[in-house]
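Chains A and B supply the protein sequences, listed in that same order.
Using this note's numbering, you'd call the opening residue of the first sequence number 221 and step up by one each time.
Using this note's numbering, you'd call the opening residue of the second sequence number 12 and step up by one each time.
Hints in this document: simulated from the structure, not taken from any laboratory.
Beta carbons: idealized from backbone N, C-alpha and C, even for Gly.
One should not assume that every hint holds.
Simulated coverage check for chain A against chain B, where a stretch passes if three residues somewhere in it have a Cβ under 8 angstroms from a Cβ of chain B [said to hold, decoys possible]:
#: 1; region: 312-321
#: 2; region: 414-426
One side only, chain B facing chain A, incomplete, derived with CB under 8 angstroms [stated by the list, open to error]:
#: 3; residue: ILE25
#: 4; residue: GLU26
#: 5; residue: LEU53
#: 6; residue: SER57
#: 7; residue: GLU91
#: 8; residue: ARG147
#: 9; residue: LEU151
#: 10; residue: GLU242
Listed below, chain by chain, are the residues.
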Amino acid sequence: MSDLQPMIEVRNLVAGYGSKIILHGANLSILRGETMVILGGSGSGKSTLLRHMVGLERPISGEILIQGVDITHCSRAQLNEVRKSMGLSFQGSALFNSMTIADNVALALREHTKLAESTIKVMTRIKLEQVGLAHAEDYLPAQLSGGMKKRAAVARALAMDPEILLFDEPSAGLDPIIAAGIDDLILSLKRAFKMTIVVVTHELESAFVIADRIAVVDQGRIVAVGTAEEIRSSALPRVRQFLDRIPDPVTGDQEAFLGRLMEE
Amino acid sequence: MTLVRIGRSSIRTIEYLGGLTIQLGRGLRAAARLSPFWGSRLRWRSTMRQMAIVGVEALPVVCLIAGFVGLIMALQGAYELKKFGALRYVVSLVGVSMTRELGPLMTAIIIIGRSGSSFAAEIGTMTVTDEVDALRVMALEPVEFLLAPRLVAMMVMMPCLTIAADTAGILGGAVFTYASLGMGLRTYLATAVEVLFMRDIITGLIKSLAFGMIIVQVGCFEGFTVRGGPEGVGRATTRAVVQSIFLVIVADLFFTAFFYLFWS
Numbered sequence: 221m222s223d224l225q226p227m228i229e230v231r232n233l234v235a236g237y238g239s240k241i242i243l244h245g246a247n248l249s250i251l252r253g254e255t256m257v258i259l260g261g262s263g264s265g266k267s268t269l270l271r272h273m274v275g276l277e278r279p280i281s282g283e284i285l286i287q288g289v290d291i292t293h294c295s296r297a298q299l300n301e302v303r304k305s306m307g308l309s310f311q312g313s314a315l316f317n318s319m320t321i322a323d324n325v326a327l328a329l330r331e332h333t334k335l336a337e338s339t340i341k342v343m344t345r346i347k348l349e350q351v352g353l354a355h356a357e358d359y360l361p362a363q364l365s366g367g368m369k370k371r372a373a374v375a376r377a378l379a380m381d382p383e384i385l386l387f388d389e390p391s392a393g394l395d396p397i398i399a400a401g402i403d404d405l406i407l408s409l410k411r412a413f414k415m416t417i418v419v420v421t422h423e424l425e426s427a428f429v430i431a432d433r434i435a436v437v438d439q440g441r442i443v444a445v446g447t448a449e450e451i452r453s454s455a456l457p458r459v460r461q462f463l464d465r466i467p468d469p470v471t472g473d474q475e476a477f478l479g480r481l482m483e484e
Numbered sequence: 012m013t014l015v016r017i018g019r020s021s022i023r024t025i026e027y028l029g030g031l032t033i034q035l036g037r038g039l040r041a042a043a044r045l046s047p048f049w050g051s052r053l054r055w056r057s058t059m060r061q062m063a064i065v066g067v068e069a070l071p072v073v074c075l076i077a078g079f080v081g082l083i084m085a086l087q088g089a090y091e092l093k094k095f096g097a098l099r100y101v102v103s104l105v106g107v108s109m110t111r112e113l114g115p116l117m118t119a120i121i122i123i124g125r126s127g128s129s130f131a132a133e134i135g136t137m138t139v140t141d142e143v144d145a146l147r148v149m150a151l152e153p154v155e156f157l158l159a160p161r162l163v164a165m166m167v168m169m170p171c172l173t174i175a176a177d178t179a180g181i182l183g184g185a186v187f188t189y190a191s192l193g194m195g196l197r198t199y200l201a202t203a204v205e206v207l208f209m210r211d212i213i214t215g216l217i218k219s220l221a222f223g224m225i226i227v228q229v230g231c232f233e234g235f236t237v238r239g240g241p242e243g244v245g246r247a248t249t250r251a252v253v254q255s256i257f258l259v260i261v262a263d264l265f266f267t268a269f270f271y272l273f274w275s
């Protein structure tokens, strides 16, 4: 496959829940082997974009191509084939609470491969070693700290040696030291495996550390895409506002305010 | 306004029943693939564990309650039959009502409280912590992974528990006939066997199979459709119990009418 074909291509994605539109026609190409950071504030639609990329939601219109396969219009079986080449680390880590860390990582291998149990055990250890959790394989998720859970979730996402690794808010709720550790982990995975990595975050510092390119999402639109340098020097008002951490002005629309109060 | 409300609640009811039916179809298909000889070893192990939880562990409480119900039926029946000097008919009253009706129904009610509620709570918690989504992203279908083992376990265990409940109920009746008529256990059982037809027992078992399927479907459906954190899980658990009881009674009425008309 040529390097020119994008790994993930989002075309005119319109998405929402019920009558509420969250993404208004998003377009984004993520190339093979690059690390794309999707940067945006709370409620900007960045997590919704990520959920669509792994096929957890059906869009209202538009399409998403993963290695050329349109996952918005394919069968469940095709979608599951595509998913085997993807790993997602959830914001809340979403580890299976009834299983040990090792079983969490081994689950996909046990279900999708016919490998012998001894091989699976070795592979599980390798993945846990990669994220620095080799000592924790027999713990239950509830016994781990927030940072360790995140690492375990990354190990689970790595289990099937995915070509695309996605992170939803990898450093949310972690202290700066642990968060920097997660950034380092992402960088080391990037160097070691040449994977395509997609990170959704609102953390500016970590975005500039890990990104090859950054896409800025604002109010359901992708307003800027570029290298870290290009984004840093961007002149777009909303991007500047986000980078310079300026709050939204308080709107003084009296009529709208009264309308909201009187609303049934 | 009223019309709108009626319309809305009808749509919701149809949606609910439609959702249950689709899930049942997918669940049965997934269950058919579940076998100790081929398919996933893991899935079979979790089915065995579910059988132990929903079946074996429920056996004492089911027998105890069914025994009491048998005794209550004997006492209530005797109150009326005494007037005609027909106390001997208590045996057939208890036998027929336990096998045709109360055995399966009481078992279903107990299992709704024990297992239907826990299906909704377990799966509901997994839904709010993103564990169900994590399964999907790992290309594991939640219906196959979570519902099918429970469905198979219930379809095997409900008839077994019902047989136990029938037996315990009939033996409960024996306590009364021994105390008031001095009828020995051997005579009692011989009479019971004489008055019972195979179809009484079989219709009860067919009912219990249907009840088991309703309990799994409603419990899991409520779990999968949980919205809004721990409170949502609580609501789903309550709804699972109430809806299951309602649907079990409706199904009971349907089957009883059907057997009365076509198989008596």
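Structure-based check of all given hints:
Given as covered by chain B, the region 312-321 of chain A passes the check, having 5 residues with a CB less than 8 angstroms from a CB of that chain where 3 are the minimum. Coverage of a stretch by a chain is defined here by at least three residues with a beta carbon nearer than 8 angstroms to that chain's beta carbons; for the region 414-426 of chain A and chain B the count is 0, and the condition is violated. For the restraint placing ILE25/B at the interface with chain A, the shortest Cβ-Cβ distance is roughly 18 angstroms, beyond the 8 angstroms limit, so the hint is violated. Taken as an interface hint, GLU26/B does not check out: its beta carbon lies about 14 angstroms from the nearest beta carbon of chain A, beyond 8 angstroms.
Checking LEU53/B against chain A: minimum C-beta separation of about 6 angstroms stays under 8 angstroms; hint holds. Violation of the interface hint for SER57/B is found here, the shortest Cβ-Cβ separation to chain A being roughly 10 angstroms, above the 8 angstroms cut-off. For GLU91/B, the interface hint is violated, the least distance from its beta-carbon to any beta-carbon of chain A being 51 angstroms, above 8 angstroms. Taken as an interface hint, ARG147/B checks out: its beta carbon lies about 6 angstroms from the nearest beta carbon of chain A, inside 8 angstroms.
Satisfaction of the interface hint for LEU151/B is found here, the shortest Cβ-Cβ separation to chain A being roughly 6 angstroms, below the 8 angstroms cut-off. The restraint placing GLU242/B at the interface with chain A is violated, with a minimum CB-CB distance near 17 angstroms, outside the 8 angstroms limit.
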